[in-house]
Every structure is written in structure tokens, then in C-alpha cells.
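Chains as they are written, first to last, in the numbering used here: chain A, 16 to 294; chain B, 30 to 159.
Bear in mind the hints are in silico, worked out from the structure with no lab data behind them.
Hints are not guaranteed to be accurate.
Said to hold, decoys possible - Derived BS3-like pairs (lysine-lysine); straight-line CA-CA distance at most 27 Å:
1) A:K220 with B:K89
2) B:K142 with A:K39
3) A:K220 with B:K157
4) B:K127 with A:K39
Stated by the list, open to error - Here are a few chain A residues that sit away from chain B, every Cβ distance over 12 Å (derived from the structure):
5) E114
6) S135
7) Q209
8) R214
9) K271
10) T284
Unchecked claim - Cβ-to-Cβ under 8 Å is the rule here; a few derived chain A residues that face chain B:
11) G100
12) A103
13) P280
14) N283
Think of the CB as a built atom: it goes at the ideal place given N, C-alpha and C, for glycine as much as any other residue.
Residue-level listing of the chains:
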Amino acid sequence: MAKIVAGVATSHVPAIGAALDNGKSGEPYWVPLFAGFEPSKKWIAELKPDVIILVYNDHASAFSLELIPTFAIGCAASFKPADEGWGARPVPVVQGHPELAWHMAQSLILDEFDMTIVNSMDVDHGLTVPLSLMYGQPEAWPCPVIPLAVNVVQYPPPTGHRCYMLGKAIRRAVESFDRPLRVAIFGTGGMSHQLQGPRAGLINKEFDNRFLDLLVNDPEAAVNIPHIEYVREAGSEGIELVMWLIMRGALADDAKEVYRFYHVPASNTAVGHLILENS
Amino acid sequence: MTQADFDDIPGTLLFNADRSRKGYHLNMFCMSLMKAENRDALRADQEAYLTRWPMTEEQKQSVRDRDWNKMLELGGNIYFTSKLGAFDGLSFQQLAAKMTGVTQAEYADMMLKGGRSVEGNRSKSEWKRG
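Extracted from the complex, chain A is given alone in its bound form (with noise of 0.2 Å):
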């Protein structure tokens, strides 16, 4: 059976991923960030884990207005950098994992979990930067990869408890799918930013710490902070952090931390990043 090893948590900043393409990352702004990954990528380089569940927010590339599907599961066989208005990023196309994808697929929609299926579908920043973040820059993605995407860009995203929830399903199809896969799973975004509008620039440190604690020692404290409270204390774009909480329902609930970093800033936002392992 297959089962769900580790999870990690890591924000998707598009800037991080123009610094690495463009060869900036031995500059002095992004030298402390490129170090904070440096133990994950060690680390995942020995998990070796043989497909990643990547929950992200497509940004307006994939789906725009006339399609907003709140929970979209990627089931094709590939899945090719989006153009975002400047080219698509020069990194590896994502190989799928169809056959598990179309497994959680059935498996989350009977467990009353009504997901998008998508067969053909670009993936930006929001996918691409956490594969940078945590491989760097090799020549293909060393494991398929099964994108989910959550929409946080059009009130209102799922609830932090629906997203928990969702997590602990995808666990369940996971565990139900008959080949010995060991699966990691990313939870993406975050985490305190504002992109839009006068307030633009929030940073949050106290409230991304207190949110880092709470979901290693007690997500169900963290799975009940509402929308208004991401808005108002992390930010308008801070609310991806419920995405998070996906990774962590289908973790264990005595899941360990074995990593943490955190940094401000990388553009306009404050990077948070945790690993986990299911003991």
C-alpha cells in the first residue's frame, strides 16, 4: 500500500524563482534564503520520495474568471510551466502521476470531497518554486508530481477546517492505493503578505510564528482561525496559508518537526518553511 512519509510547508514567492533562473541566487539579498533550503534539500534528496502531492493556488495562469474550481486535482501525464507574461519559467516539465491522481480522484469524490479533474492544465510559480526550493535546479523534476490546486484568490476560499479535512481524505486515498509508493505531500504559499491595495508590504512576524507552532503541536487550534483573521493579521494574500493545513491533515497527528525556517524578506513577503515526518 502506498503511504504518506513527510510533509513540507513552503511559501511559493514568484520572486524566488526569477532569482534562481536569472542566476541571482549568490546575491546578498538572497543568499539567507537559498541557505535556509539548503538542510531540505539534503533531506529530500535522502527521503527520495517516489511522487509528491503538491498543493499550491494557481495565480490567474491556469484558471482565470471563467473557471474557479475550488479544489482542482491534476490527473494528465504532464504538466508544463506556465507563460506568466514573461515567458515560461526555464525549469523542467512536471511529470504526473496519473494513475494515483485519478485514484485520489474517485477516492476523495466517494469520501464527499467534489474535486475538479483537470487533464490539461499549465502550472506557474505557485507549483514551480516549491520543486526549485527544494531540488534547485536539475535537469529533470527527479519524482512525478500530482499538483492540487486551491483557489485563494476569489473570496471565499475553502475553510481552514475544510481544508484539514481534505487533507485527512487525501491520507485515506493514499493508504487505499495498491502499490508500495511512499508519497510526500507540500502544502504551499504563505505566508504573512499583501500584494494589493495601501496596505500592501504586511509582514506578521508573531502571527507566522505563533500559525508555524500551532500547526507542528496543534493544528486543530489552527485549523479554527477564520478568514478575517488571515486577512487582518497575515495579510490579504496571507490567507494561503490555509493550504497548509491540507498538508497537515494528511500528516499524522503526532507527526514530527524536523526542520523549520524562516525569513523576511523575499519581495514582498514573509517565507516560512517546515518539514515533517510521520514517525
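Model the placement of chain B on the given structure of chain A, informed by the hints.
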């Protein structure tokens, strides 16, 4: 949690149903700039290109003025309006500087110093300071 609670957050416009409905064509105009042929058309003749989109006159004027906050007030969403910013050659941080009324250098400096504090920025009542 009601809309009034969200409305009380200063300098922040929640992209809710009303704004999405009102801003649909403005946002889809911005979305169209993902295609090179549309960027060329906008560059060649802005007025002609704007007539292709059933936006309100006020929305069109906000586009002509590149009034980024006005676009948000009229239903624009930042992930869409930033595509017009990218068309103009603006980075996200340059756009943020314009929306917050400071120079890019001042904005970048604020971020390097830890960003805009949430203290004093939770409620509109805290912004009523002369």
C-alpha cells in the same frame, strides 16, 4: 464574520462576489495580456483595444490613468491587474510601491526592515490620524 469586519481592514479590498462580478471584464481584459498578440494590439492602439472589452467608462479611465488602486476599487483583482503592470514593465514590487504611494526604493527599504507592521494597520479607526 461579516462583510463589515472585512471592510474595516484599512487599505485592503477583499475580492468578494460583488467585486468579482463588477470587475469581470476589467480582469478578463488584464488576463488577455497573457497572449503576445493581445499585448501587441494594446501597444499598437490602446483605445481600439479597450473597445473590445465591455468595461465601464470609469474602469477604462482607470486603465488609461494606470490608477492601480482605482482598478481594485472597481473590481480589479491584483493577480489580474499585475498583468497590466507586467505589460508596462513593472515588477510586483514597483506596483506595490505605486499602490502604497511611496517610491520603489522606500518600499524596498520598508520590506528589508521587516515589512509594514500590523500594529496600527488592523482597523480603519487606526488610520484616522490626520
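Here's how the hints hold up against the structure:
no. : hint               : result
1   : A:K220 with B:K89  : 39 Å, violated
2   : B:K142 with A:K39  : 21 Å, holds
3   : A:K220 with B:K157 : 25 Å, holds
4   : B:K127 with A:K39  : 25 Å, holds
5   : E114               : 32 Å, holds
6   : S135               : 16 Å, holds
7   : Q209               : 7 Å, violated
8   : R214               : 3 Å, violated
9   : K271               : 30 Å, holds
10  : T284               : 9 Å, violated
11  : G100               : 4 Å, holds
12  : A103               : 11 Å, violated
13  : P280               : 4 Å, holds
14  : N283               : 6 Å, holds
Against the hints set out earlier in the document, violations occur for numbers 1, 7, 8, 10 and 12.
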